[in-house]
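Chains U, F, H and C are the protein sequences, given in the same order. So the first sequence is numbered by this note's numbering: it starts at 1 and just counts up by one. So the second sequence is numbered by this note's numbering: it starts at 1 and just counts up by one. So the third sequence is numbered by this note's numbering: it starts at 1 and just counts up by one. So the fourth sequence is numbered by this note's numbering: it starts at 1 and just counts up by one.
There's no promise every hint is true.
Stated by the list, open to error - To give a feel for the contact side, a few chain F residues facing chain H, derived at Cβ under 8 angstroms:
| id | residue |
| --- | --- |
| 1 | 120 |
| 2 | 125 |
| 3 | 290 |
| 4 | 298 |
| 5 | 300 |
What the hints contain is simulated information worked out from the structure, not anything from laboratory work. As the structure is a prediction and not an experimental result, all values here were calculated from the model. Just so you know, even glycine gets a beta-carbon here, dropped at the ideal spot from N, CA and C.
Listed below are the residues making up each chain.
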Amino acid sequence: MSITYLEAIREAQEKALRDDPRVYIYGQDVAAFGGAFKATKNLAKEFPGRILDAPISEDAMVGSAIGAAIEGMRPIVEMQFADFSTLAVNQIVNQAATLYWRTQVACPITIRLPSGGNPGSGPFHSQSLESLYAHFPGLVVMTPATVEDAYTMLLEAVDIDDPVIFCEHKYLYNRLKSAELPESGLPCHQARVARLGRDLTIVAYSAMVHEALAAAEQLRKEDIEVEIVDLRCVKPLDVDTVLASVARTARLLCVGESWPWGGVNSEVITSVVTHGFHLLDAPPQRINSKDTPVPFHVGLWGAHKPSTQVIVAAARRLYEW
Amino acid sequence: MSITYLEAIREAQEKALRDDPRVYIYGQDVAAFGGAFKATKNLAKEFPGRILDAPISEDAMVGSAIGAAIEGMRPIVEMQFADFSTLAVNQIVNQAATLYWRTQVACPITIRLPSGGNPGSGPFHSQSLESLYAHFPGLVVMTPATVEDAYTMLLEAVDIDDPVIFCEHKYLYNRLKSAELPESGLPCHQARVARLGRDLTIVAYSAMVHEALAAAEQLRKEDIEVEIVDLRCVKPLDVDTVLASVARTARLLCVGESWPWGGVNSEVITSVVTHGFHLLDAPPQRINSKDTPVPFHVGLWGAHKPSTQVIVAAARRLYEW
Amino acid sequence: MLDTLNPPKRNVVPPVSREQYIKAFSWMLLARTVEEKLASLWRAGKIAGGVYLGKGQEAVSAAIGILLKSGDIFGPLIRDQAGRLAFGESLVDIFRTHFGSRTGPTRGRDGNVHRGKPRDGYHAMISHLGSLVSVVAGALVARRFKGDTSAIGATTIGDGGTSTGSFHEAINMAAVEKLPLVVVVVNNQYAYSTPNHRQFACNHLVDRAIGYGVEGYTMDGTDLRSCLEVVAYATERARSGHGPQMVVGSCLRLSGHGEHDDGFYVDKNLFHTALGRDCLKVAENYLQEQEWADEALVETWRRNAKQQVEEAVAKAQREPLADPSDETWCPYATQRLAQALLVR
Amino acid sequence: MLDTLNPPKRNVVPPVSREQYIKAFSWMLLARTVEEKLASLWRAGKIAGGVYLGKGQEAVSAAIGILLKSGDIFGPLIRDQAGRLAFGESLVDIFRTHFGSRTGPTRGRDGNVHRGKPRDGYHAMISHLGSLVSVVAGALVARRFKGDTSAIGATTIGDGGTSTGSFHEAINMAAVEKLPLVVVVVNNQYAYSTPNHRQFACNHLVDRAIGYGVEGYTMDGTDLRSCLEVVAYATERARSGHGPQMVVGSCLRLSGHGEHDDGFYVDKNLFHTALGRDCLKVAENYLQEQEWADEALVETWRRNAKQQVEEAVAKAQREPLADPSDETWCPYATQRLAQALLVR
Ligand SMILES: Cc1ncc(C[n+]2csc(CCOP(=O)(O)OP(=O)(O)O)c2C)c(N)n1
Ligand SMILES: Cc1ncc(C[n+]2csc(CCOP(=O)(O)OP(=O)(O)O)c2C)c(N)n1
Ligand SMILES: [Mg+2]
Ligand SMILES: [Mg+2]
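This is chain U alone, in the form it adopts within the complex (with noise of 0.2 angstroms):
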C-alpha cells in the first residue's frame, strides 16, 4: 500500500476531523465535489455538516474563520488556489495575525494554500506565497515537502493556537508516495536534516527538496557530498539547524520556488550571515525563480524555476569555490 501527499493531507483533515468536533473545513467546492484537487474528497458523506461550501469571497471565508475561531472552533479554510489567497490578504495579515496579540485571545485557523507550479498552470495557478505572509507578524508559515511531513503538520497547524499558511506544493499531490502515515513527527518549528553531506549546504523546503535530493545523487557521482535542510516551516524559521549545518559543511545553497526579492532564500542567507558568518567558507548562494510571473509553456516554466541541473551546478561552483 501507499500514500500520495495529496493523500495524506485528505487523511490529515480526516483525522482532525474525527479527533476534534471544534475542527470543520469551509472552501469553494471543498463538500460534496471534494475540492478542486480532491483533497477533502468524501469528507462530506463522513462528516455533514462540517465541510461548507463556500461562495467566491475569499476575504469573508477568512474573516468568518476568525470569527469561528473566536468562538473557540478550529476551522480549516481551503483557498481554491494559493494564488487567489491575495483576496484575503487583508483579513489574513491584519485580522488573523494580529488578534492575540491585540486582544489575548487566539486564532487557531488553518489556511490552506495549493501553491507551486505545474505544467501549464500558468502566472496565476502556480504561485508560492509563503514569503509574503511569513513577512508578517503573527503567522505560522508551514511548507511541508514530505508525505509524513504534509500529514504530521496538517495536524499540528489543527492543534496549534496561531493562524497557520498551510502551504502545500500541488506538484507534490500525486507525484509524491511514501509506505505508511507516521503517529507523529517533528514540531513545526524544527527544521530536518534530510540528508547528511560534508561539502555543502543545500537548504531547500517544500517541493524544491526533492530537486535539491536529485541535485544531491547527481553530485554524489562526482564525490561531492551535499547535506540538505529541508526547512518544513518557513516562519518561525529554525536557524540553529541551518547554523549547525553550516558549520559542518562551511558552504551554504538556498534554494526556492519563489521569486527572489525578499523570500525565503534571503532570509535564511541574512540569517546565516548575521549569526554564523564565521562559519562560512565561500559566499553563501540562492537560486530562485526568475523575476517575472510564472509562464504558462511548459518550456518558460521549466526554465523559470529552479531545476536540478541549474541546482547541480551552482552546489559545484560553490563547492569548487
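Position chains F, H and C with the ligands relative to chain U; hints supplied.
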C-alpha cells in the same frame, strides 16, 4: 522659504497634472478635502474634474486605474494609509504588476502609500509595506527619504511606464524641510550615498535614513566615520552602489522600519553577501522593527522601531568587531 | 415608524416602554459624556493618535446595545460608544485604551476604538472597514456548530463602509448561511469628507437588502423610538430564524470625522433638516413629552453620568501605562512556539 | 421577452433582423466549433493546463460581441469565445495561446482564456474572478477624460463571480461615476460544482441592480433572440447616458467546469428544463422557423466554420512555440529601467 516633504509631494502632483493631461488623481477624500494628509490640497480647485473622490473601495480604485492606464492615462492613486492597500493587493500584484509582461501593454500607474509609524497611530495606520510589494515581479517600489527625492521621484513615478508603489513616510511629512525643490534628481534605480564615511556602511531608506544620519553624527564623536547609503528605491535595488560602499568600509549595517522576515534588509544583505562576500570584514547586521504589529502606545512604539540609540549601539559593536 | 422593505408590517414588537426608553437614553447620555471627556482630554494632549466620536449616532447605537442579550455577539465600529456601554463595556476600559494603559484590554498595543473582549462576544475592530462583518458572521457559524440557537450577532457599518468588498462578501455569505446577523448601516451622510453621492448611486442603501435576499428596514437614526422599534423588530426576526437583517438608520455625523477634523466640508443646510437633529435632544424632548422624565431628572442623570466618567478617568489615570520592558515581542499564542522562540 | 427591472419597458430596440441574427448565429457556431477542436486537442494531450468551454453560453456571449461597436471596450471571461470572435479576435490567436506559441498575443507567457489585446479595447483577463470589472470601468473613465462620449464597455461575470468583493466595488464605483458599462451576469447555475443556493440567497441576481442604482434586465440565455434584444437595449441605454446596466442571462453550463471535469454534480433534471436547452440548437430551430435558413444552409456554415478552424489550427501548429532563450526575464516596460537591470 522652505518646503516640507509633504508639500513636495503636493507640488510634484501639481506639476504632473500641469504638464501632462494624462495624469489624474483618484483616492478617498482627495478632491475638495485635499486628502487625509492634505497631499492634494487645492488641486481639485486648480484642476477641476481631474481629482476624483473614490468610494471606500481600494480594489476598484486600483483596478480602475489599471483600466485607465491601458487607455493611456497616468493615474495617481492615493491610499488613505498604506495599511489599506492590503485590500488592493490582488489588483496590484496580479493585475497591474503582470500586465506588461502578459500583454506588452504598459501599466503606468502610481500608487501612493502614506507609510510608516507616527506616535499613537497603532497597528493599522503605521505599516511599512514596501517589502510586501517588492517581493512581486513587475513593481517599482520607491521609498524617498528626502524632500528632494519625494519631489523628483514622484515625478519619475508618474513618468515611468511601470506600476510604481510610492512609499511616502508620514513621519517625514511635516518634520522634514528643504530650502527649495530641485529641477531633477537621480533616476530611481540608483541609490545615493547620503554621507561619506570610512569605517562602516549603513544602508537605510525612507525615515530611517535620518535615524542613521543622527547615529552617524553621534558616532563621529567617537571617531567612527559612518558611510550612509540611501536606497531610494527598494525594487529594483541598486546593489552596485551598496557594494561599492562596502568595498570601501568592509562593514555593513542595514536599517529598516519594516518587519524583519524577508524585508528590505534581508534582501540587501543577501545581495551583498552573494556578490561581495569577500568585501566584508565582519558579519553584516540588520536592525528592523520588532516582529509584532506596530504598537499604539508611544513608549511601546518607540521600542518597537529602530531608534538612533539602537543604531549607534549596533554600529559601535560592528565597528569593534 | 416601522418602515420595512421586505416583509409585511407586523406587530411583533411591543411598544417601547418607559423603562426601556430610559435605559437606552441613559446609555446615550453616558456615551455623550464619555466622548465629551475624550475630546477634552485629546485637546489637552492627553491622548495620542485620534479620537473619534459617535455624536449624533447614540440613538442607533444604544438601541443595538440594549436589544442584544447576554450571550449575543456585537461587533461595534468607531461611533458605537453608546452600544458598547449598553452591551456591557466598562467605563474605565475606554480610558485605559485611549491612554495606552497596561491594564486595558489591549494593554496599550492598540488604542482608542480598537478595543473589545472577543471571547465575551464583544469584538475588537481593526481599522479596515467592512472586515468585521464576516468575523461576526463566522462567530455565528460557530454558535450554530455549538448548538446555540438563541444567540444573534449584530454589527454596524457606515455609509462609506458599504462600498467595501468585504462588506459585500460577508453579508452575502451570511445570507447563504441564513445566519442570525443584524447589520446596521448608519448612514450619517458622510464618509470622512465624502458625501453619499460620491459613495453610492442607489436611492436608499436599504435597496441592497433585496439583492442579498435579506430583510431590510429603515429607521430614523435621530429618533430613539424609531431605532428601538426597528432594531427590536430586526433582532427579533433574526432570533426567530429569518436570517440576516439589514437595518439602515439615517442621521448626520454631528462631529468631525475625528477630533482633528472640523468637518468644514459638511453641507451646512443638512443641520437644519430632520437628519441634523441631535438624537440626544430629540430623546430628551420625547421623555418630557411623554412625561417619563422632567428636566430636573435628566439633569440628575447627567450629573451622575459626569461623575461616573470622572471617576473612571481618575482611575485610569492612576494606573500604569504600557511599558516596553513588559513586552516579550512575541506575537504567538502557542506556548511551545513562543517558548522555542524565546530560547532562540 | 424584454424583462426590465428598473425602467418602464420601452420600444427603443428595433426588432432583431435576419441579418443580425444570422451574424450572431455564425459566431456562435464558430465558437462552438473552435471549442470542440480545443477539447479534442486537449484530450489528445496537445494543450497543457486547462481548457474551458462556453458551451451553452454562446448566445449571451455572441449577443454582447455583436452589439459592441468598433472603439468599444470588451472584458470577456472564460466562457466568452463567441463574444471574443464577434468582437474581432483572430482564430489563430486562440490556438496560439492554447499552444503557447511565440507568435500569440501572450507569447506563451499566459495561456488558454487569458488572452486579449488591451490596447484595442479587448481586455486580457487574469484568473481572479471579479477583478476585471473595475478595469473595464477604469478604461471608461479614461475615455471620458479623452472626450470619447460614444464608446461603451461590456464585461461578463458568472453567478459565482458576483460573490466577489471586487465585483461589488467595481459596479458600485461605476454607478457613482455613471459610466457606460454593461455588466452581463451569466447565471449558468453553477460555479464549478457550487450551485446557486450555496452562492447567493436572493431570488434573482438582477435584484442587485436596484441596490447599486443601475438599470437591470433579465434575459433567457438559451434564446439568442432574447439575448440580442436585451443586450441591444442595455448597450443602447449605456450609450445614451443612462449609466451602468446589469443584464442577467440564465442558462446552464453544458460542459464540465473545464475539460478535466465531468460535471457529475450537476442536477440532471436541469437538463430537461428550459435552462438546459442548447442555445445553438434553439437558434438553429428559430432560423428554420423564420425560414431565414434551412438545414442545408446551416450545414454549409458548419462546414465552413470547421474549415476555418482547421486552417487556424494548422497555421498555429506550424508556428514556433515559446522558447526560454528568447526571454530576457525582465518584467519592466520602462526601457531605461530594463536596460539598467540587464547591464547589472
Ligand atoms: C478599507 C478602508 N479604507 C479606508 C479607511 C480610512 N477611513 C477611516 S474612516 C473612513 C470613512 C468612513 O466612513 P463611513 O463608513 O461612512 O463611517 P463614518 O465615519 O461616517 O461613521 C475612511 C475612509 C478605512 N478605515 N478602511
Ligand atoms: C477570486 C477567485 N476565486 C476562486 C477562483 C477559482 N475559480 C475559477 S472558476 C470558478 C467558478 C466560477 O464560477 P462562475 O463565476 O459561476 O463562472 P462559470 O465558471 O460558471 O462560468 C472558481 C471558483 C477564481 N478564479 N477566482
Ligand atoms: Mg458615514
Ligand atoms: Mg456559473
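A quick look at each hint next to the structure:
Restraint check, residue 120 of chain F versus chain H: the minimum CB separation of about 3 angstroms is within 8 angstroms; hint holds. The beta carbon of residue 125 of chain F is positioned within 8 angstroms of a beta carbon in chain H (closest approach about 6 angstroms), and the interface hint is therefore held. For residue 290 of chain F, the shortest C-beta to C-beta distance to chain H is roughly 4 angstroms, which falls under 8 angstroms, so the interface hint holds. Annotation: residue 298 of chain F was flagged as interfacial toward chain H, and the flag holds, the nearest CB pair being 5 angstroms apart, inside 8 angstroms.
The interface hint given for residue 300 of chain F is met, as the beta carbon of that residue sits about 5 angstroms from the closest beta carbon of chain H, less than 8 angstroms.
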